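Visitor: Each chain, letter by letter, is given below.
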Amino acid sequence: ETGVTQTPRHLVMGMTNKKSLKCEQHLGHNAMYWYKQSAKKPLELMFVYSLEERVENNSVPSRFSPECPNSSHLFLHLHTLQPEDSALYLCASSQDLLAEAYEQYFGPGTRLTVT
Amino acid sequence: AQTVTQSQPEMSVQEAETVTLSCTYDTSESDYYLFWYKQPPSRQMILVIRQEAYKQQNATENRFSVNFQKAAKSFSLKISDSQLGDAAMYFCAYRSESKSTFGDGTTLTVKP
Chain Z
1389 ETGVTQTPRH LVMGMTNKKS LKCEQHLGHN AMYWYKQSAK KPLELMFVYS
1439 LEERVENNSV PSRFSPECPN SSHLFLHLHT LQPEDSALYL CASSQDLLAE
1489 AYEQYFGPGT RLTVT
Chain B
272 AQTVTQSQPE MSVQEAETVT LSCTYDTSES DYYLFWYKQP PSRQMILVIR
322 QEAYKQQNAT ENRFSVNFQK AAKSFSLKIS DSQLGDAAMY FCAYRSESKS
372 TFGDGTTLTV KP
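Heads up: the sequence lines are chains Z and B, in that order.
So the first sequence is numbered by the numbering used here: it starts at 1389 and just counts up by one.
So the second sequence is numbered by the numbering used here: it starts at 272 and just counts up by one.
Hints are supplied without guarantee of correctness; some may be wrong.
Claimed, not checked - Now the stretches of chain B that chain Z is said to cover, found in silico as 3 or more residues with beta-carbon under 8 Å:
#, region
1, 278–288
2, 339–352
As the list claims (entries may be wrong) - Pairs of lysine-lysine, DSS-like flavour, derived with a Cα cap of 27 Å:
#, chain 1, residue 1, chain 2, residue 2
3, Z, Lys1428, B, Lys326
4, Z, Lys1428, B, Lys370
5, Z, Lys1406, Z, Lys1429
6, B, Lys344, Z, Lys1429
7, B, Lys370, B, Lys344
8, B, Lys326, B, Lys344
9, Z, Lys1428, Z, Lys1407
10, B, Lys382, B, Lys341
11, Z, Lys1428, Z, Lys1406
12, B, Lys326, B, Lys349
13, Z, Lys1407, Z, Lys1429
14, B, Lys382, Z, Lys1410
15, B, Lys326, Z, Lys1429
16, B, Lys341, B, Lys326
17, Z, Lys1428, Z, Lys1410
18, B, Lys382, B, Lys344
19, Z, Lys1424, Z, Lys1407
20, B, Lys382, B, Lys326
21, Z, Lys1410, B, Lys326
22, Z, Lys1424, Z, Lys1406
23, Z, Lys1428, B, Lys344
24, B, Lys326, Z, Lys1424
25, B, Lys349, B, Lys370
26, Z, Lys1429, Z, Lys1410
As the list claims (entries may be wrong) - Per label pair, the in silico range of CB-to-CB distance:
#, chain 1, residue 1, chain 2, residue 2, range
27, Z, Met1403, B, Lys341, 44 to 54 Å
28, Z, Asn1405, B, Glu288, 44 to 54 Å
29, B, Leu318, Z, Thr1468, 45 to 55 Å
30, Z, Gln1483, B, Asn338, 21 to 31 Å
31, B, Ser301, Z, Asn1446, 38 to 48 Å
32, B, Pro312, Z, Val1400, 16 to 26 Å
33, Z, Leu1439, B, Glu323, 38 to 48 Å
34, Z, Asn1445, B, Ile317, 37 to 47 Å
35, B, Arg314, Z, Leu1439, 41 to 51 Å
36, B, Gln340, Z, Met1403, 40 to 50 Å
37, Z, Met1403, B, Gln328, 33 to 43 Å
38, B, Pro312, Z, Thr1468, 25 to 35 Å
If you are wondering where the hints come from, they were derived from the structure by calculation, not from laboratory data.
Computed from a predicted structure; not experimentally measured.
Built from N, CA and C at the ideal position, the CB exists for glycine as well.
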C-alpha cells in the first residue's frame, strides 16, 4: 500500500443509480487526481485538485462530479452513467502540483461496471 | 502539447534476461521530469525510476536503468536480470510545471 486508499474496490451500478467513489491520502500531499483506465485508452486524466481547488477538468462529462472537501479526501460522484464508463478509476496524489520532481502515488483503484 | 508515445504495446522476456522498453516524448519545454511507473496485475501503480531532464547521467535503481537521450526525446527503460515479479504494465510519464502526461503503457510478460 502506498498511503492512498480508495473505496469501494469494486462497484456495479445501473445506469440510473447514483454512487460515489472515495479516495483518501495519508501522505500530507497537496495535489490529488482522478484517472480513468480502460482497455481502449489506458490512462486518462479526468480531474486535478490542488489545495482543494479544481485546477484541471479534461472535458469530462457532467455525469462525473468531483468533490474535494479537504486536502486528504477526494470524491467522484457518479450519476446516470453509461456502459462505456465501465473502467478502473484511479486516484493519485502528489506532494505539490507544480513541482515536477514529485511523482504521483496511486491508489488501488475502483473497478466500476455499469450495467 | 506534450505527448508521450510507447510504441510497444506488449513485450516479453525470458527470466534472467534483459529487456528494454521504449518511450519517446514531444515537448518544447526545457525543464521537466520523466518517470517510469509499474502496474502489476490487480495491484497498485508504483514508481520505478525518475530522470531529471537537466541531468545527463542516466538514472539507475538496482536492476532498472534508463537511457535518456534528451536531443532525441527518448527515455527507454532497461530491466536487467528479469524476474517473474517484473511482469506488469509499464507506463512512461512526463511531468513539468504545467503538464503531466502518461503513455499508453507496455505490457511486459516474463517467461520462466
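Visitor: Now tell me, hint by hint, if it's right for this structure.
Guide: Checked hints:
no.: 1; hint: 278–288; result: violated (count 0)
no.: 2; hint: 339–352; result: violated (count 0)
no.: 3; hint: Z:Lys1428 x B:Lys326; result: violated (35 Å)
no.: 4; hint: Z:Lys1428 x B:Lys370; result: holds (22 Å)
no.: 5; hint: Z:Lys1406 x Z:Lys1429; result: holds (25 Å)
no.: 6; hint: B:Lys344 x Z:Lys1429; result: holds (23 Å)
no.: 7; hint: B:Lys370 x B:Lys344; result: holds (16 Å)
no.: 8; hint: B:Lys326 x B:Lys344; result: holds (14 Å)
no.: 9; hint: Z:Lys1428 x Z:Lys1407; result: holds (24 Å)
no.: 10; hint: B:Lys382 x B:Lys341; result: violated (32 Å)
no.: 11; hint: Z:Lys1428 x Z:Lys1406; result: holds (25 Å)
no.: 12; hint: B:Lys326 x B:Lys349; result: holds (18 Å)
no.: 13; hint: Z:Lys1407 x Z:Lys1429; result: holds (23 Å)
no.: 14; hint: B:Lys382 x Z:Lys1410; result: violated (37 Å)
no.: 15; hint: B:Lys326 x Z:Lys1429; result: violated (31 Å)
no.: 16; hint: B:Lys341 x B:Lys326; result: holds (10 Å)
no.: 17; hint: Z:Lys1428 x Z:Lys1410; result: holds (24 Å)
no.: 18; hint: B:Lys382 x B:Lys344; result: violated (31 Å)
no.: 19; hint: Z:Lys1424 x Z:Lys1407; result: holds (16 Å)
no.: 20; hint: B:Lys382 x B:Lys326; result: violated (34 Å)
no.: 21; hint: Z:Lys1410 x B:Lys326; result: violated (38 Å)
no.: 22; hint: Z:Lys1424 x Z:Lys1406; result: holds (18 Å)
no.: 23; hint: Z:Lys1428 x B:Lys344; result: holds (26 Å)
no.: 24; hint: B:Lys326 x Z:Lys1424; result: violated (32 Å)
no.: 25; hint: B:Lys349 x B:Lys370; result: holds (25 Å)
no.: 26; hint: Z:Lys1429 x Z:Lys1410; result: holds (23 Å)
no.: 27; hint: Z:Met1403 x B:Lys341: 44 to 54 Å; result: holds (48 Å)
no.: 28; hint: Z:Asn1405 x B:Glu288: 44 to 54 Å; result: holds (48 Å)
no.: 29; hint: B:Leu318 x Z:Thr1468: 45 to 55 Å; result: violated (36 Å)
no.: 30; hint: Z:Gln1483 x B:Asn338: 21 to 31 Å; result: holds (27 Å)
no.: 31; hint: B:Ser301 x Z:Asn1446: 38 to 48 Å; result: violated (25 Å)
no.: 32; hint: B:Pro312 x Z:Val1400: 16 to 26 Å; result: holds (21 Å)
no.: 33; hint: Z:Leu1439 x B:Glu323: 38 to 48 Å; result: violated (25 Å)
no.: 34; hint: Z:Asn1445 x B:Ile317: 37 to 47 Å; result: violated (27 Å)
no.: 35; hint: B:Arg314 x Z:Leu1439: 41 to 51 Å; result: violated (30 Å)
no.: 36; hint: B:Gln340 x Z:Met1403: 40 to 50 Å; result: holds (48 Å)
no.: 37; hint: Z:Met1403 x B:Gln328: 33 to 43 Å; result: violated (53 Å)
no.: 38; hint: B:Pro312 x Z:Thr1468: 25 to 35 Å; result: holds (31 Å)
Going down the numbered hints, you'll see the structure goes against 1, 2, 3, 10, 14, 15, 18, 20, 21, 24, 29, 31, 33, 34, 35, 37, while the others check out.
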